[in-house]
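Residue numbers (the working numbering), protein chains in the order written: chain A, 1 to 447; chain B, 448 to 894; chain C, 895 to 1341; chain D, 1342 to 1788.
These are calculated hints, taken from the structure and not from any lab test.
Glycine included, each C-beta is placed from N, C-alpha and C at the ideal position.
Please note that the accuracy of each hint is not assured.
[Stated by the list, open to error] With a cut-off of at most 35 Å between alpha-carbon atoms, the simulated DSBU-like pairs for lysine-lysine come out as follows:
no. : chain 1 : residue 1 : chain 2 : residue 2
1   : D       : Lys-1466  : C       : Lys-1318
2   : A       : Lys-371   : A       : Lys-276
3   : B       : Lys-723   : A       : Lys-125
[To be verified] Computed footprint of chain C on chain D, listed as stretches where at least three residues anywhere in the stretch have a Cβ under 8 Å from a Cβ of chain C:
no. : region
4   : 1515 to 1528
5   : 1550 to 1562
There are 4 protein chains.
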Amino acid sequence: MSARQPARGALSRILDSIVESGRAILKGRRDASDRFASVPELMAMRCRELVDHRGEASGLALAREILDVYENLSGEGRDAFFDMLHRDFSTDPSLVLAAAERYGTDRDFNALEALRRAIESPCQKLFRRLNMAPGGTSLLVAMRGHLLTRLYANPQLSAIESDLRHLLIAWFNRGFLDLQRINWDASARVLEKIIEYEAVHEINGWDDLRNRLNQDRRLFAFFHPAMPYDPIIFVEIALGQGSASSIAPLIQTDRPELEAASQDTATFYSISNCHKGLKGISFGNFLIKQVAADLSAEMPGIKRFETLSPVPGFRGWLECTLASNAEAHVLKDELLAVQEILPQDGSLETTDDALRSDVLKLCAHYLIEEKQAGFPLDPVARFHLGNGASLDFIHWRADTSDLGMKRSLGIMVNYLYEDAQIEKNHETYFAEGRVVASNGVRKLARV
Amino acid sequence: MSARQPARGALSRILDSIVESGRAILKGRRDASDRFASVPELMAMRCRELVDHRGEASGLALAREILDVYENLSGEGRDAFFDMLHRDFSTDPSLVLAAAERYGTDRDFNALEALRRAIESPCQKLFRRLNMAPGGTSLLVAMRGHLLTRLYANPQLSAIESDLRHLLIAWFNRGFLDLQRINWDASARVLEKIIEYEAVHEINGWDDLRNRLNQDRRLFAFFHPAMPYDPIIFVEIALGQGSASSIAPLIQTDRPELEAASQDTATFYSISNCHKGLKGISFGNFLIKQVAADLSAEMPGIKRFETLSPVPGFRGWLECTLASNAEAHVLKDELLAVQEILPQDGSLETTDDALRSDVLKLCAHYLIEEKQAGFPLDPVARFHLGNGASLDFIHWRADTSDLGMKRSLGIMVNYLYEDAQIEKNHETYFAEGRVVASNGVRKLARV
Amino acid sequence: MSARQPARGALSRILDSIVESGRAILKGRRDASDRFASVPELMAMRCRELVDHRGEASGLALAREILDVYENLSGEGRDAFFDMLHRDFSTDPSLVLAAAERYGTDRDFNALEALRRAIESPCQKLFRRLNMAPGGTSLLVAMRGHLLTRLYANPQLSAIESDLRHLLIAWFNRGFLDLQRINWDASARVLEKIIEYEAVHEINGWDDLRNRLNQDRRLFAFFHPAMPYDPIIFVEIALGQGSASSIAPLIQTDRPELEAASQDTATFYSISNCHKGLKGISFGNFLIKQVAADLSAEMPGIKRFETLSPVPGFRGWLECTLASNAEAHVLKDELLAVQEILPQDGSLETTDDALRSDVLKLCAHYLIEEKQAGFPLDPVARFHLGNGASLDFIHWRADTSDLGMKRSLGIMVNYLYEDAQIEKNHETYFAEGRVVASNGVRKLARV
Amino acid sequence: MSARQPARGALSRILDSIVESGRAILKGRRDASDRFASVPELMAMRCRELVDHRGEASGLALAREILDVYENLSGEGRDAFFDMLHRDFSTDPSLVLAAAERYGTDRDFNALEALRRAIESPCQKLFRRLNMAPGGTSLLVAMRGHLLTRLYANPQLSAIESDLRHLLIAWFNRGFLDLQRINWDASARVLEKIIEYEAVHEINGWDDLRNRLNQDRRLFAFFHPAMPYDPIIFVEIALGQGSASSIAPLIQTDRPELEAASQDTATFYSISNCHKGLKGISFGNFLIKQVAADLSAEMPGIKRFETLSPVPGFRGWLECTLASNAEAHVLKDELLAVQEILPQDGSLETTDDALRSDVLKLCAHYLIEEKQAGFPLDPVARFHLGNGASLDFIHWRADTSDLGMKRSLGIMVNYLYEDAQIEKNHETYFAEGRVVASNGVRKLARV
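Please put together the full structure from these sequences, using the hints given.
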């Protein structure tokens, strides 16, 4: 009998049997004291055992046991677990100081290695061993997600988080990722994740998903070999004729289908990072370029690669500017005009042509001129411009959804990926902090 | 048309096209100075560019370019390359010292992170980026192999080697490895590697390989996802009736085939580590246990899991002991008897029964009693006993090949893997340094 | 880039390109007369061309063209198409008669071959060639489905249907079918078909499907290589403890999950034939036995293999018997008791214990004694008993759905598949027409 | 553990277990008479049982048993088996006659169906059931191969052979075949078959095979789903610059490799049909065109698709013509010149320019003018010209191997596949029997 399953499944089965036999061993070994230990005490004992232990079978069983308990912890349970890690598995400052001192004296390789070892916390070893158990990678990614949400209130966890981040950076090196096209033939397990993870323009169930996987749509995802059914990041693309100026026609379910021969533009309308635990371990720029290369090869008729992106920081910036001192701003007139209408008609539905022009000017200004530490304020702009794209168009009332109005005042923009310009744009951006924009947009932004 | 190729192949194609487009960019950017640079100068420039660079396409192209040049370097070229890495991409001691000092003062997370960053050499970043290019992982493994052969003469390269080792330890975490059974259905590309890598009992071409993949034989290998056609380590197994006492019947090509129902013993007769560059990143213990678990599930009739292993340090130890002072040894009589015959008949073919008993006694003594730092001298003994196996049998004239005589005086031994004893043996071994052996072998060793 | 697609997809692409190039050729060849032809005339011309033609590329293009037009025909269009096939592509009786005459005279191999050729209609050749185009097999299966619905009103189409049936019998030889376990990892395209095809206990969307694919459920399907995303027949199984006595607990979505170790019974609760066009080309018996063998190997704890099946002919038989002459029947008393209550309370909800016993007796009698041409009246009974199962239990109010009440008066039965008895039961059934039943059921049936 | 095996393997395992359980049943059923039966008697009993039997498990076991015995039969054993099939499982002429008579009277569908059934021999049913067992298809293909070699001496087996051929034609419909590119990544089991089957230019072991699978070579094969490791037909292609004029440079192992960008010509230099048992069930024409379409898509630089083919009938025709009456031939002078030299120097090594021109003229004449039943005498010419290729070049001393000299006097020719001309050439060839040839060749042939 053949199974529509990846080979990995079979490996897990064997690992499971090793884990199982290890469990029996662990059971035999444990004494009565276990029975009176609390969950945090038990976790501490198990983690210590795993770090000290050498036996393979019981090592895997231990790892799986720790992961199983972790998986079922409540929020408080996780707090206690992280506190325990911090308390019992952190780097020992006295060891670091001693090693640093020795290095100061010896300055040789051995002293440097000793310093390196002293800095590496026992927690790293623990994480490495947890990763060996089936499903370990996946759970460690989730664990970092949990850690990140606690950092603000528990800055002492930074060291643990840093240990885990360094491992994940090594493990998720781009050389190990696999780009896959996802269509309706894909596994339901994967597609279910796509529905769950879509962060930008929600997918309403299986029929809507099917619509996003039609002949005139593309969905590409990066996968890591240890998580074959769980994408890392994915991008959704609409193939159409000419540039896209609003989101609704791209995601409506009953759109007319354009025949392949007429498609000349690929619009990247949604990029979703799937795991909070991989925050800061970026693959997005690589994904867009790799997908563009793939589409070019498959469909030579596609000449334009663009995004249709929100301007998520625009409204916040606008309101903040209005609140501080609109009069002092170079775009004083435009700001004052907007100040009048915005509180009454947040949807800007009644906006006349003049005001529309004011808002677009402000948006162009915001995207090109408003910076922090030399780079644009807007996070989406930073991402695409940093990738080497240029700012090509600003569209009025392009996303009138609640979220679209709330963050971007309904505005969306096209960032353009031109193969021949990408590297140059990228360097201009990083060398001079200058935003490469089309003439039209630059004209709008000109005061 | 369908292809019998793994999905990875397709990914590489796209990466290749990105690399290609990056090449064009690089070409345009390079100026005349390039033409006058030597290869080592060019490699230094390229590596610097890769570490400093952010552009994806040209980054991949750069990485591939460096790897391509490296692949074609002569021995001297590699020397120069490693010297350049050492010179230009090592950790800067002054930065480490400054960071250590700051940590001494602040003792907080940020200071520790800064110290960690100061210790991490630019070389690590270089290796990470090289790994992103197609084929990068494979070449970095080879590069560490080259480094290791130079360490003795060039101890200053230790830091570079250590950087690479740490990355490989992270990347080759067991959680990422895939166990595969290799049989005659496997890809010729993989089988060719098996022929090439078999280190213990040479495979003489394709017919011999086929023989090793018969119904009564098994071959299992670990693979890493980034090297889908290149095994990491593999083990060869003979299924038979009763314990194996010599190697010849196991590898002869015209042996009679035993029907599956009569097979009760799995003899692991060869374990080959495939890459020098993965030295010290051990998977062997894991492999044996995982394979035993898999075989148990597939063939419940297999009750005994043993090895048939050489004693590679025996003859060296024997000659060394004879040369020093045989008289002072607890096995004086046996040593003197052997001393007489060994120089005349190195093959021990004419050995009479008495002498045979002397040699076996010496071997049992060597395996059980002769230790260094608390553990057995013999490396194969250390490996299996450390895994939790016990020393079960010592066989006379079990491998009369040149290599077998030269290293082990023709002796081979069975190490026994008993599921129920493995953990206990393992702990006995590491806690007390005691060799767990059968009564028969212990009796032999008794003076 | 790798794709989660079967290799077949790639083949289709190449075939599509051949088809495309063939289309251009066909276009060039066609003259003005085409423009004035009606669809049926055009189809007749195209089919004639395909049967007479030898060119590969244009042959494939022709086949695909015919299939494309067929796919979009209305009911009347299909009527016209089948009439055309009957008129233009039927066996020529005069050729058959001449060949038969010759065979009567010559009685040799050549004459027999000639007779065989004379009998084989041009339609067979047409169907064979249509099958060569991508998607051909699938459409020919659908075509037979359409033919079967027309046979009653259009008996002259029997010859065409017979031609197609003979081809499908050859093509769907069991040796070519692939048994696959379907779980949540399977392709959405396949799962969508499962939802569509489930004929016995409707699947209400994706969440319900997921429920049917849980750890304690199994779904196995047969696939043909030419229809890799479209199952031929599938069976649904519930793993539980002890025999199942009603359908609701098996398909409810929020059932408690039994751990694997406690599961001892596999209940086949639904078998769905997916294609009307494969009617009479049976795989069901093979499927059940193959799945039982597979489950036994995977889960040795499963000791009992049973069905939970409707008695779809029971109510019809009962009402018919009541209508004719209940008094004359051997179960007169029971029939009269039922006659009283049935018209008022078709759901039998108010039925007291006595009446319940009457109905069960009648059902046992119906299943064991009521026959047609020597075999049971009930079609589901015929299927399982013919497979070698025995009739084990009759359950009261086991399926109170509308359909369950309407056809089976809510009764369901267990047919038992006992490995050791299957062949004997099978032979008893076919040799003597005797229904093998448990003591309990036989006692019920005893008048 | 994952396996590099196709899913089919797993199916076979289950089928094997069904077969195994069936065997036990069969064993129990068989009585003492078995022990005294001869092999042919036993085979006759088993085949009868299989045709009459309905039980699935024992049916599969029976089928496998018959196939196992068949596989081990000697030549005489096969003779006896085929005689038994002919005697016991042939069409019954009296049934055919009766059915034919009834059809003569009734002339309706039922009578036609009855006639059809009467013609279908019990052997067909036997073959269909044998095909259901694992490995059945493969063995039936081999069986037809055995039958074909016996036909000449045993014409009475024609009916059996015809039954099997009809089934194989249905089963190997092109719609079911899968085109695969074979390279060094392919399974050793498949590659071993390629070495075995190569019929035109022998492959000398694994190194030579590897050479044929280099970057500048292609090998494509058709596979049937029931024989996933055993190709049906394959074609070998050399990619080069310009047309190929002799075979040696194409198959030499140490040739210089041309970079991909310079390759403009694909030369099909070898086509091998792998199974005698599929004789007359042609796929070659389809293969060439499908491969050409695939190569065009992959490598747009390839502009010319040609073969380098032998002229296997040429020397035979020449010697035959010389033997009969050279004087009467239109090419009298050329024939006489050749007649003088051929018996002394069969290798034509000493041939002067004049004679060379004579031989080429004779060959051009042979290929274009010498026909049987309206089509060229030469079988290879018939194949490619019938496919729509044109005769483009005739090369002197292009294959000086023994076989090349013996059959083709060392001459090889290029047949050219031009996408735009194929259909027209094909029709010209079949409508008028005219050989489409280049000006150069036509000039040569002109008397």
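Can you confirm whether the C-alpha distance between Lys-1466(D) and Lys-1318(C) stays at or below 35 Å? With Cα atoms ~24 Å apart, Lys-1466(D) and Lys-1318(C) stay inside 35 Å; holds.
Are the Cα atoms of Lys-723(B) and Lys-125(A) separated by 35 Å or less? 24 Å, holds
Please count how many residues of the region 1515 to 1528 of chain D have a CB within 8 Å of a CB from chain C and say whether that reaches 3. With 6 residues closer than 8 Å to chain C, the region 1515 to 1528 of chain D meets the three-residue bar; holds.
Just to be careful, I want the Cα atoms of Lys-371(A) and Lys-276(A) compared with a cutoff of 35 Å; is the pair within it? 26 Å, holds
Taking 8 Å as the C-beta cutoff, is the stated coverage of the region 1550 to 1562 of chain D by chain C satisfied by three or more residues? violated (count 0)
Consistency note: the structure conflicts with earlier hint 5 alone.
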